[in-house]
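These protein sequences, in sequence, are chains A and B. Following our numbering, the numbering of the first sequence begins with 1 at its first residue and continues without gaps. Following our numbering, the numbering of the second sequence begins with 1 at its first residue and continues without gaps.
To be clear, the hints were calculated from the coordinates, so they are not data collected in a lab. Where is the CB? At the ideal position from N, CA and C, for every residue including glycine. Check before you lean on any hint, since a few could be wrong.
[Stated by the list, open to error] In silico DSS-like pairs for lysine-lysine, Cα to Cα no more than 30 Å straight-line:
1. B:187 to B:80
2. A:6 to A:29
3. A:29 to B:21
4. B:114 to B:80
5. A:388 to A:229
6. A:229 to A:29
7. A:244 to A:229
8. B:114 to A:29
9. B:114 to B:185
10. B:21 to A:244
11. B:185 to B:80
12. B:26 to A:244
[Claimed, not checked] Here's a subset of chain A near chain B, in silico, CB distances under 10 Å, partners left out:
13. 56
14. 60
15. 87
16. 243
17. 244
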Amino acid sequence: MAGLHKSDFQNPVINWIDSRLPVFTMIQKEYGVFPTPRNFNYFWNFGALAMVNLVIMIATGIFLAMNYTPHATMAFDSVERIMRDVNFGWLLRYAHANGASMFFIVVYIHIARGLYYGSYKTPRELLWMLGVVIFLLMMAIAFMGYVLPWGQMSYWAATVITNLFSAFPLVGEHIVTWLWGGFSVDNATLNRFFSLHYLLPFVLVGVVFLHVAALHITGSNNPLGIDVKGPQDTLPFHPYYTIKDSVGICVYLIVFAVLVFFAPNFLGHADNYIPANPLVTPAHIVPDWYFLPFYAILRSVPDKLGGVLLMFGSIFVLFVLPWLDTSPVRSARFRPVYRVLFWVLVFTVVVLGIAAGKPAEGIWVVVSRIGTAYYFLHFLVILPILGKFERPLPLPESISRAVLGVMGGGGPLPGGAAAKPTMEKA
Amino acid sequence: MTESAAAPHVAPHPGGAEVTKRDFLKLVAGAGAAVGAGAIVWPMVDSMNPAADVLALSSTTVDLAPVVAGQAITVVWRGKPVFVRHRTPEEIARARTDEKARLPDPAADASRVKPGHDQWLIVVGICTHLGCVPLGNRSTEVRGDYGGWFCPCHGSHYDTSGRIRQGPAPANLAVPPYAFEGDTKIKIG
Chain A
1 MAGLHKSDFQ NPVINWIDSR LPVFTMIQKE YGVFPTPRNF NYFWNFGALA MVNLVIMIAT
61 GIFLAMNYTP HATMAFDSVE RIMRDVNFGW LLRYAHANGA SMFFIVVYIH IARGLYYGSY
121 KTPRELLWML GVVIFLLMMA IAFMGYVLPW GQMSYWAATV ITNLFSAFPL VGEHIVTWLW
181 GGFSVDNATL NRFFSLHYLL PFVLVGVVFL HVAALHITGS NNPLGIDVKG PQDTLPFHPY
241 YTIKDSVGIC VYLIVFAVLV FFAPNFLGHA DNYIPANPLV TPAHIVPDWY FLPFYAILRS
301 VPDKLGGVLL MFGSIFVLFV LPWLDTSPVR SARFRPVYRV LFWVLVFTVV VLGIAAGKPA
361 EGIWVVVSRI GTAYYFLHFL VILPILGKFE RPLPLPESIS RAVLGVMGGG GPLPGGAAAK
421 PTMEKA
Chain B
1 MTESAAAPHV APHPGGAEVT KRDFLKLVAG AGAAVGAGAI VWPMVDSMNP AADVLALSST
61 TVDLAPVVAG QAITVVWRGK PVFVRHRTPE EIARARTDEK ARLPDPAADA SRVKPGHDQW
121 LIVVGICTHL GCVPLGNRST EVRGDYGGWF CPCHGSHYDT SGRIRQGPAP ANLAVPPYAF
181 EGDTKIKIG
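Let's have the full structure, built from the sequences with the hints guiding it.
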């Protein structure tokens, strides 16, 4: 018949569906037989973990929204009702709040993998940029979600961050009034943050779809950073990486469970259990841990507009990273100088995060400024220059050669090496 | 050793192949995943059940002392109106004699009240047709042709026992679960 897809499935029901909408063929192609480099290490699990985390956040979020009231006079109490009265409400709330932290842990490691192994380099530039869009969306969603419980930190974080936009000359004040829907953070702001917090995760799902689609065009990178040369370099995604991902998911769930059941408020801030009071500012306004490095960059510049521009700039440099790094070698395994500088960058970001948690005085101001300066130095100066002068280590011929040794990289394993051990007759 | 350990234990398998360790692992992993999925789904489903504060409001106590004979009040129970009518002896008698008549939903009046408290009729004030609140509790409202209640939406008539007599409603006004705590107090639900 014209127009129908020629389905290879035997089962008549599956065949009927597949010939009209080839979802089963698509799953088989993209997640069944998809040729995946055979030398993945566990850092390649984190994309799948991020997807699992997103599903958990959406599921817990939808059930929380059934009991949450987005009105300034009732929001805080509705959250307490969820914690105390709703069946398993405490579990939903703690899973959602700690799930947000887990999401950032997973995504930061996922990004670090990309930086270390050169996954942002050609031909994966668009894949990388879609990832930065996902990261920006995550930050917006997390920020708005944190406002919803309407505690002291919720209210004052909302005030500080929305006030940033007043830094822009001429239009700044008008933008802020428009964002607030009023003359301060109030009910109008809370309502619209709830609406957008519900909406943006589904936009995120769409961008994740594009991110995976782009990945499936170029194929995955691998720890050696060299291209796949043929089928001998790859394994079908199922069962090898479905199983490996399952192991990773179990470890992830253990970490998640430790947080949710044994330390559910460890990553949070005690002040958010105080209802919002527009007349009293907490002594130390701090965002949740995952925003700390950016907060440090924001505070390190004495000029208001400068701080805002630099904070947004710190993410913008990630966008253009594929063009900043001039090295033709992808993986840091073969870049001895870059490898060290990568860890210096990680250290810098961690130190910035610690500095952000301290009051903006004394040595911490100096530390933040040095850290901010080094962050931009790394991306804007070091990376472009390093690529030209670094002497990389010799790259292996192929993935299968490197993984399977001299005998590999071609046909089946030689008989002698693979003899099955048998017990000798006594 | 007298036997080779290379041959694994063979058990008959539908496909003709031997049962392998892989089959066992797949079964255990699959079962574990199913249990895990259930453990994750159940709290989400259960969170939609009535919460503790809703359950706390699932009973209502009503003080009957201020309600004199011939008077009726409306109380709220589980978000619904409940008619509490203190019937006069005439209303009770009418409810009993009317049983000879053809009732769309037959029920004895004695079965709709508590023994020893025949004067107290407690019914849920929602018409069994499409859910309107019938008129007749207040003395100023019409009570319909049978002295009970009249639903203005589609013209159902209820008698002094809350039974449907005429009109499109299929069933009598529902009697909620209730109990007397002393002579002048009831707990509904």
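Pair hint residue 21 (chain B) and residue 244 (chain A), alpha-carbon separation not exceeding 30 Å: 18 Å, holds
Pair hint residue 388 (chain A) and residue 229 (chain A), alpha-carbon separation not exceeding 30 Å: 26 Å, holds
Interface restraint verdict for residue 87 (chain A) against chain B (beta-carbon cut-off 10 Å): 5 Å, holds
Distance restraint between residue 29 (chain A) and residue 21 (chain B), which requires alpha-carbon spacing of 30 Å or less: 28 Å, holds
Supplied contact hint for residue 244 (chain A), tested at 10 Å Cβ to chain B: 13 Å, violated
Given hint residue 29 (chain A) paired with residue 114 (chain B) - CA-CA distance at most 30 Å: 70 Å, violated
Restraint satisfaction for residue 56 (chain A) [CB to CB of chain B, less than 10 Å]: 8 Å, holds
Satisfaction of hint between residue 229 (chain A) and residue 244 (chain A), Cα-Cα up to 30 Å: Judged against 30 Å, a Cα distance of about 23 Å means the pair holds.
Hinted pair residue 187 (chain B) and residue 80 (chain B), Cα distance within 30 Å: Roughly 15 Å separates the two Cα atoms, so the pair holds.
Pairwise hint evaluation, residue 185 (chain B) against residue 114 (chain B), where the allowed Cα distance is 30 Å at most: Holds. Residue 114 (chain B) to residue 185 (chain B) sits at ~13 Å (cutoff 30 Å).
Straight-line alpha-carbon gap residue 185 (chain B) to residue 80 (chain B), limit 30 Å: 19 Å, holds
Satisfaction of hint between residue 29 (chain A) and residue 6 (chain A), Cα-Cα up to 30 Å: Holds, at about 14 Å.
Of the numbered hints stated above, those contradicted by the structure are hints 8 and 17, listed in ascending order.
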